[in-house]
Amino acid sequence: MTPAGASVAAPKGKGQRPAPPPPPESLYVRRADIFPRAVDGFYRRLKWAIMAATLAVYYVTPWLRWDRGPYAPDQAVLVDLAHRRFYFFAVEIWPHEFYYVAGLLVMAGIGLFLITSAVGRAWCGYACPQTVWTDLFLHVERWIDGDRNAQLRLRAAPIGPAKVMKRLAKHGLWLLIAMATGGAWIFYFADAPTLARDFLTGQAAMVAYATVGVLTATTYVFAGWMREQVCIYMCPWPRIQAAMLDERSLIVTYKDWRGEPRSHGAKRAEAAGAPTGDCIDCSACVQVCPTGIDIREGPQLACITCALCIDACDAVMAKIDRPRGLIDYATFEDCRAEAAGAPPVPIRRTLLRSRTLLYFGLWAAVGMAMVLSLGARTRLDLSVTPDRNPLWVRLADGDIRNAVTVKVRNMEARPRPVRIELVGLPGGALWDSLTNERSAARGLTITVPADQVEKRRIYIRAPRTAPDNYALRLVALDGEPAGDTDELRFEKPEEGE
Amino acid sequence: MADTNLPSVETTHHEWDGIEELNTPLPRWWLWTFYATIIFALGYMVAYPAVPLLSTATAGMLNWSSRGQFAQEQAAAKAARAGTEQALASLPIEQIAADPRLMGAAVEGGRAAFKVNCVQCHGAGAAGSPGYPNLNDNDWLWGGDLRAIHTTLEHGIRHPGDEATRMSQMPAFGRDGILNAGQIADVVSHVRVIAGAEAPSRSAQRGAQLYADSCAACHGAEGKGDRALGAPNLTDAIWLYGGDRAALTQTVTNARYGVMPGWNRKLDAATLNMLAAYVHSLGGGE
Ligand code: SF4
Ligand code: SF4
Chain S
1 MTPAGASVAA PKGKGQRPAP PPPPESLYVR RADIFPRAVD GFYRRLKWAI
51 MAATLAVYYV TPWLRWDRGP YAPDQAVLVD LAHRRFYFFA VEIWPHEFYY
101 VAGLLVMAGI GLFLITSAVG RAWCGYACPQ TVWTDLFLHV ERWIDGDRNA
151 QLRLRAAPIG PAKVMKRLAK HGLWLLIAMA TGGAWIFYFA DAPTLARDFL
201 TGQAAMVAYA TVGVLTATTY VFAGWMREQV CIYMCPWPRI QAAMLDERSL
251 IVTYKDWRGE PRSHGAKRAE AAGAPTGDCI DCSACVQVCP TGIDIREGPQ
301 LACITCALCI DACDAVMAKI DRPRGLIDYA TFEDCRAEAA GAPPVPIRRT
351 LLRSRTLLYF GLWAAVGMAM VLSLGARTRL DLSVTPDRNP LWVRLADGDI
401 RNAVTVKVRN MEARPRPVRI ELVGLPGGAL WDSLTNERSA ARGLTITVPA
451 DQVEKRRIYI RAPRTAPDNY ALRLVALDGE PAGDTDELRF EKPEEGE
Chain X
1 MADTNLPSVE TTHHEWDGIE ELNTPLPRWW LWTFYATIIF ALGYMVAYPA
51 VPLLSTATAG MLNWSSRGQF AQEQAAAKAA RAGTEQALAS LPIEQIAADP
101 RLMGAAVEGG RAAFKVNCVQ CHGAGAAGSP GYPNLNDNDW LWGGDLRAIH
151 TTLEHGIRHP GDEATRMSQM PAFGRDGILN AGQIADVVSH VRVIAGAEAP
201 SRSAQRGAQL YADSCAACHG AEGKGDRALG APNLTDAIWL YGGDRAALTQ
251 TVTNARYGVM PGWNRKLDAA TLNMLAAYVH SLGGGE
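Chains as they are written, first to last, in full-length UniProt numbering: chain S, 1 to 497; chain X, 1 to 286.
Hints may contain errors.
Where chain S lies over chain X, by a calculated footprint (3+ residues, C-beta under 8 Å) [to be verified]: (1) 20-33; (2) 126-140; (3) 232-244.
If you're looking for bench data, these hints aren't it; they were derived computationally from the structure.
Using N, Cα and C, we set each Cβ at its ideal position, and we do this for glycine too.
Make a model of the complete structure from these sequences and hints.
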């Protein structure tokens, strides 16, 4: 904290500024309650639509079914932690294929650049869970307590039966929504219908109840009590996104060259010949803002670019018969041009430019690569680890034997008979540790259970005159042309050894 | 767009080169959260072992300790394994081999026991060295099925003090004066011929008669050895002490007596079973 004496140098060279207010007593302040007013307009309706879509996706997804046959779960989207599988409609991801998840993260990263460079902090204003649930909670609050003025009156009112009832109803509904939020989350991790039944009858795993408990608490506290505080103090996103904006990214901005000077009594001022701006200082834009800021003070970190102030001001402009867009999505560049007298720039012009197109190209390239590799990946996979100690063993008849450990992954939801064949190594034969040398042959047939890894130790014998290189080839015996080949080196003693 | 002179925002009255620092106090709940973490830490210190003392630490009111938890987990794991351990200790090795689950456990247990008791002679990969058999190959002096391996483990080879130990004794043909140096050279020639290491020669022809008189009783007329006596097969590619002329001359002259301890005095029945299973699984098991 600044000692009061340190403020001597304050308004040097800015004589027109009012004397600075005394420094505040404390580094910590009580949160000012915010009662955002309801508003209607284009962006509000867009927000409703996005809220409906995101909530529907979140709540409905775990209940979608997808038939994968008898050996795999029939849930369309399932994170099966116990068996380490991730199911996403027709795609099944195994732990060793985690690079698909990494690819999605890369796409999300580039997508963030793309969206932010094109439309600024659109994520914050429309799709962020904190925004969506806070919006929902605000709506419930308005439904029970009434709009801004009624809420202010209710807060001032003494505690009585009506107030208690309203408070109980509001917090009860909030808690219900919060619980539904946490409840839906766990369905992504287990068969939803079974888990729902177990959960209601008290038979679900402890971790399910704990998860629902924690998510209920966080949703209730974050969306009901903390709201904009999460955006301003807890979320790193605004810092990151603000750093990714440039002169040509869309942000919500107040066009002061058009609004200023604010004219409270415009008619009178005009009559008196004083200059007037379009802003009538009605503070509608401040009252609707869910983060409680005044956008007329310029772009600021607390603005989540939800555009509700645009709707509010547009309504006011319509009433006083002025063109809309005193507050509007605009880029810094357009603002400068407009302030210099150019006409407003249509939004779509800012969406298509080299930076956004470059990001889009990158984003699409990663996506295409992932789709292509998904289509080309084999669902039957062989991996071979040769023994290191000993590298080779001399057998009684003078042949040399190598040992390897093979893993066969059957990533399909059905058992598959496969054959492991020796390629190269004339005179060679192989057998596995479940049998013995008497069953040595050029190949070995095993059945890999559905969705499982089969691990076998395999012995490979060949005369020491055999060539150095050979391969183990995996062949699917069920007619599907899927398999894999591993090149190996046949280890044998040096000459004279 | 508004200019950046924010009339309603307080500053801290700090100014550097015309840039002023805005005063944006943290919300109070932040402060309370901080206090809450301090209270939590104090509670934690009281409840759990926390304050280090000279040789120990405060015990905490819940009587919890990571050592105690570890002991509990160990006991639980032991209890879960009890059935398997019991079976490994009491069943004969043939019955263990008939149960894939038991056999899997035996091989894994044997792998661990081998690392402790056997690697000193047979090597970490069980590949042996001159005088110490390679357990990976398919050549066995005393037999390579589970029972034979188990018996060798149990009673050892030439283990003094064990009645049932496996015994074989080759005469020291040179040292004891049974054969002279020239005769030994001839026997060595013959042995190398039947092992396919050398072309037939006059010396080998002479050695064949000597072999029939002195060696065939144990190693067999064709040199194929005799497992009942622990007599090695002389015609295969594997030599315990080396198959070149020098090593063979040395062997015939002085004889060799490798010793392996009988492990039944040191290891329990379960460990013997597990070791037999592991050695058998190395690739040469019969
Ligand atoms: S200033 Fe406008 S766009 Fe920004 S958060 Fe407030 S209402 Fe939303
Ligand atoms: S809503 Fe529009 S007219 Fe009203 S105060 Fe805000 S900017 Fe000015």
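Comparing the hints with the structure gives:
1. 20-33: holds (count 9)
2. 126-140: holds (count 7)
3. 232-244: holds (count 4)
Going down the numbered hints, you'll see the structure goes against none, and every one checks out.
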